[in-house]
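There are 2 protein chains.
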Amino acid sequence: MSNETDIGDLQAYARGLAQAGQAAARTLATCGRSLKDAALERMAASFLENAEQIASANARDLEAAEAAGLPAAMVDRLRLTEARIAQMAEGLRQVTALPDPVGEITESTLRPNGMRVARMRAPLGVIFIIYESRPNVTADAAGLCLKSGNACILRGGKEAIHSNSAIHELMVAALTDVGLPADAIQLVSTTDRAAVAHLVHLEGLIDLVIPRGGEGLIRAVVNESRVPVIKHYKGTCHTYVDSPCDIEMAERIAVNAKLQRPGTCNATETLLVHADVAEALLGRVGPTLAKAGCAVRGCPRTRALLPEAQEADEDDWADEYLDLILAVKVVDSLDEAIDHVNRYGSKHTDGIVTTDVRHARRFIDAVDASSVMVNVSTRFSDGFEYGLGAEIGISTDKIHARGPMGLRELTCTKFVVTGDGQLRG
Amino acid sequence: MSNETDIGDLQAYARGLAQAGQAAARTLATCGRSLKDAALERMAASFLENAEQIASANARDLEAAEAAGLPAAMVDRLRLTEARIAQMAEGLRQVTALPDPVGEITESTLRPNGMRVARMRAPLGVIFIIYESRPNVTADAAGLCLKSGNACILRGGKEAIHSNSAIHELMVAALTDVGLPADAIQLVSTTDRAAVAHLVHLEGLIDLVIPRGGEGLIRAVVNESRVPVIKHYKGTCHTYVDSPCDIEMAERIAVNAKLQRPGTCNATETLLVHADVAEALLGRVGPTLAKAGCAVRGCPRTRALLPEAQEADEDDWADEYLDLILAVKVVDSLDEAIDHVNRYGSKHTDGIVTTDVRHARRFIDAVDASSVMVNVSTRFSDGFEYGLGAEIGISTDKIHARGPMGLRELTCTKFVVTGDGQLRG
Numbered sequence: 000m001s002n003e004t005d006i007g008d009l010q011a012y013a014r015g016l017a018q019a020g021q022a023a024a025r026t027l028a029t030c031g032r033s034l035k036d037a038a039l040e041r042m043a044a045s046f047l048e049n050a051e052q053i054a055s056a057n058a059r060d061l062e063a064a065e066a067a068g069l070p071a072a073m074v075d076r077l078r079l080t081e082a083r084i085a086q087m088a089e090g091l092r093q094v095t096a097l098p099d100p101v102g103e104i105t106e107s108t109l110r111p112n113g114m115r116v117a118r119m120r121a122p123l124g125v126i127f128i129i130y131e132s133r134p135n136v137t138a139d140a141a142g143l144c145l146k147s148g149n150a151c152i153l154r155g156g157k158e159a160i161h162s163n164s165a166i167h168e169l170m171v172a173a174l175t176d177v178g179l180p181a182d183a184i185q186l187v188s189t190t191d192r193a194a195v196a197h198l199v200h201l202e203g204l205i206d207l208v209i210p211r212g213g214e215g216l217i218r219a220v221v222n223e224s225r226v227p228v229i230k231h232y233k234g235t236c237h238t239y240v241d242s243p244c245d246i247e248m249a250e251r252i253a254v255n256a257k258l259q260r261p262g263t264c265n266a267t268e269t270l271l272v273h274a275d276v277a278e279a280l281l282g283r284v285g286p287t288l289a290k291a292g293c294a295v296r297g298c299p300r301t302r303a304l305l306p307e308a309q310e311a312d313e314d315d316w317a318d319e320y321l322d323l324i325l326a327v328k329v330v331d332s333l334d335e336a337i338d339h340v341n342r343y344g345s346k347h348t349d350g351i352v353t354t355d356v357r358h359a360r361r362f363i364d365a366v367d368a369s370s371v372m373v374n375v376s377t378r379f380s381d382g383f384e385y386g387l388g389a390e391i392g393i394s395t396d397k398i399h400a401r402g403p404m405g406l407r408e409l410t411c412t413k414f415v416v417t418g419d420g421q422l423r424g
Numbered sequence: 000m001s002n003e004t005d006i007g008d009l010q011a012y013a014r015g016l017a018q019a020g021q022a023a024a025r026t027l028a029t030c031g032r033s034l035k036d037a038a039l040e041r042m043a044a045s046f047l048e049n050a051e052q053i054a055s056a057n058a059r060d061l062e063a064a065e066a067a068g069l070p071a072a073m074v075d076r077l078r079l080t081e082a083r084i085a086q087m088a089e090g091l092r093q094v095t096a097l098p099d100p101v102g103e104i105t106e107s108t109l110r111p112n113g114m115r116v117a118r119m120r121a122p123l124g125v126i127f128i129i130y131e132s133r134p135n136v137t138a139d140a141a142g143l144c145l146k147s148g149n150a151c152i153l154r155g156g157k158e159a160i161h162s163n164s165a166i167h168e169l170m171v172a173a174l175t176d177v178g179l180p181a182d183a184i185q186l187v188s189t190t191d192r193a194a195v196a197h198l199v200h201l202e203g204l205i206d207l208v209i210p211r212g213g214e215g216l217i218r219a220v221v222n223e224s225r226v227p228v229i230k231h232y233k234g235t236c237h238t239y240v241d242s243p244c245d246i247e248m249a250e251r252i253a254v255n256a257k258l259q260r261p262g263t264c265n266a267t268e269t270l271l272v273h274a275d276v277a278e279a280l281l282g283r284v285g286p287t288l289a290k291a292g293c294a295v296r297g298c299p300r301t302r303a304l305l306p307e308a309q310e311a312d313e314d315d316w317a318d319e320y321l322d323l324i325l326a327v328k329v330v331d332s333l334d335e336a337i338d339h340v341n342r343y344g345s346k347h348t349d350g351i352v353t354t355d356v357r358h359a360r361r362f363i364d365a366v367d368a369s370s371v372m373v374n375v376s377t378r379f380s381d382g383f384e385y386g387l388g389a390e391i392g393i394s395t396d397k398i399h400a401r402g403p404m405g406l407r408e409l410t411c412t413k414f415v416v417t418g419d420g421q422l423r424g
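Protein chains in written order, with numbering that gives the first Met the number 0: chain A, 0 to 424; chain B, 0 to 424.
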């Protein structure tokens, strides 16, 4: 995979990918469920049959990563074990079993003049997905796009280029085996970043860009793109323990929300506690956090209750730690908690633990987040946990899709108006 | 209204508008229906009570427009007659009567672990609307944003600045009368275009940009914006007369779609006719068009049937005439018609006239447009005709809203997850 292609060629290359994707998308939009499912089934079988081929491509990426001295966590994300390959196959089988969103009539009304106005789900068209090191995203994302009738253009991390190519090759073979266009799933075959810049300028050819990765990558894509982008920058999630509340439930939820998997975007980063229950709650939660090796950065009132806590500064309220660190603040009211969440949060997932139904209602209405949780852990903010059956990502945008995105969020609706000769008068 | 503000000030001015809008949006998100309806009612009453004040502000704009030699059609769009002021009031009253979309639970499921996962409609936040000369848009757009719980920032055409200011002043008075924040409806008070550029860069403060106007204006906004934009560039709408069809119905629909109001975005610009019915259809439609003064630009086969038709060139297939001109092409098959629509259309509204239900299905599935019509005039593509009760614009985008946009399209949903202490395991 050469980096030496000059810009002129890259621009033509990007346009070529997008045009081929658009042509494939036209076929996918009308090909019906059975062909798409057959292709997904073949892909799953092919991953299992060709697991060694995938593993040996992956070994090349792993060697290069270790030679380049990449951190161990990154090398681990890159690794495709036999179990992970089996998971990719299983993931595609689960997507196969999901209902096809395309063609669903979401509403239909009969107008006074006899015209029927319906909305019908249709694929978006061509989706460009940019992601980082985990090569299993290649299979997951392509499977979701195919099932929802969209052509995709995939741009994985350069560390995973051999793994991604091997997975892509098997998927394309499955597409052509069942008679679907090979260009339904395309992999950007250069690691030159300029290719991304060209692709995100192709308004009218590419319908949606989904960048997944660090905040820097995503901001760069948003700044450059002329195509709509759906994304979340980060997950600075809050759990607010209200007064009154079930203090044991509050303890369990706060601990689960922070500790169950601290490296995920829906883990709680800031715990807000009403002053009336601060002593009781922090007295319970403090030792558990300490035992788990989780540091606390607190406001002065928190530090009075948890002396080992460091002082939190302004940055701590906005930070996404993705680590064993928890910011803690004592607040005097529900509204102070809501204001804090709306000021410092990332509009991802914020929860309240309360027994007062009026407080729950006010929190739900006033907190501006893609998911608002009442008496459950923020860790549940996830497409599978919500029953979507699959997840292409989580959006904190307010346009189109918000929160975990499944198959349906990869479609739009068109109005379908049928009549018997109605004229506008 | 000075144009001499320097860029530094304009940037601060834009940020100030957006921040004030965001603060007002927080109030609107939770204020409930009755206050919003009360404000809308007062605005309607105030327009009627202060019709003279509006008319005299409008007279200043009209004088300036005539002095500047603006075309008569533009001066007419600018004019606020007594009837038009009454229409603005009536429009607000209709919006008052519509259901409030905010807080609607659009779906709700109970998960196996007892957690309830619901989606609830919430306002988008701050909407920036850019429009051209018609001052009644000030009232219409602000009314729809308010009812849907959104703060708006309005930037009208500079020709209408006095009219827009008068309307805006009355609306703000109504807001404060009922206790809602004045900043819920803000008017950009400079005509300097740089203010628009600053506003569309305010990702995170402004949630949506809706530009309405000519294609040039909209393209400039899309190129500049870091905030999501919803728009349609133009309406190159098609009517395809299939074989078999009810030829009398086809004639009536084709004539209505072109002639009923040629200057609108949902008027048909290209008529496609299956070869088998071309002679019958064009023999009927040709004289009617000629009588109405409508020119025809045709393919060679069309010109053989309608000798007065000019030859159509490649541009004619893509043009939005908005005038008494119709492009006509004879095609040999349904698929040729679909390919033509998908190649040259603007994804706005395209219709088929047919008696074959399989052809109707294929056209519906394969045509990539925000509205697909079967046996009705393309002129029905409109929020009021579809029963949305109101229309803020028409979107040909595939993200978020597609087709005519009503109140609901000015909201998003948030996930609301409620439980009794569920933990992720």
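Any given hint could turn out to be false.
Simulated DEER-style distance windows between Cβ atoms [to be verified]:
| # | chain 1 | residue 1 | chain 2 | residue 2 | range |
| --- | --- | --- | --- | --- | --- |
| 1 | B | 386 | A | 213 | 39 to 47 Å |
| 2 | A | 104 | B | 67 | 35 to 43 Å |
| 3 | A | 85 | B | 15 | 50 to 58 Å |
| 4 | A | 33 | B | 214 | 52 to 60 Å |
Chain A is nowhere near these chain B residues, computed Cβ spacing over 12 Å in every case [claimed, not checked]:
| # | residue |
| --- | --- |
| 5 | 172 |
| 6 | 367 |
| 7 | 411 |
No lab work stands behind these hints, which were simulated from the structure alone.
Cβ atoms here follow ideal geometry from the backbone N, Cα and C, with glycine treated the same way.
We went through each hint and held it up to the structure:
1. B:386 with A:213: 39 to 47 Å: Given a distance of about 45 Å, which is inside 39 to 47 Å, the answer is holds.
2. A:104 with B:67: 35 to 43 Å: With Cβ atoms ~51 Å apart, the hint is violated.
3. A:85 with B:15: 50 to 58 Å: The hinted range 50 to 58 Å holds for residue 85 of chain A and residue 15 of chain B, with Cβ atoms some 56 Å apart.
4. A:33 with B:214: 52 to 60 Å: 41 Å Cβ-Cβ, so the 52 to 60 Å window is violated.
5. 172: 27 Å, holds
6. 367: 7 Å, violated
7. 411: 4 Å, violated
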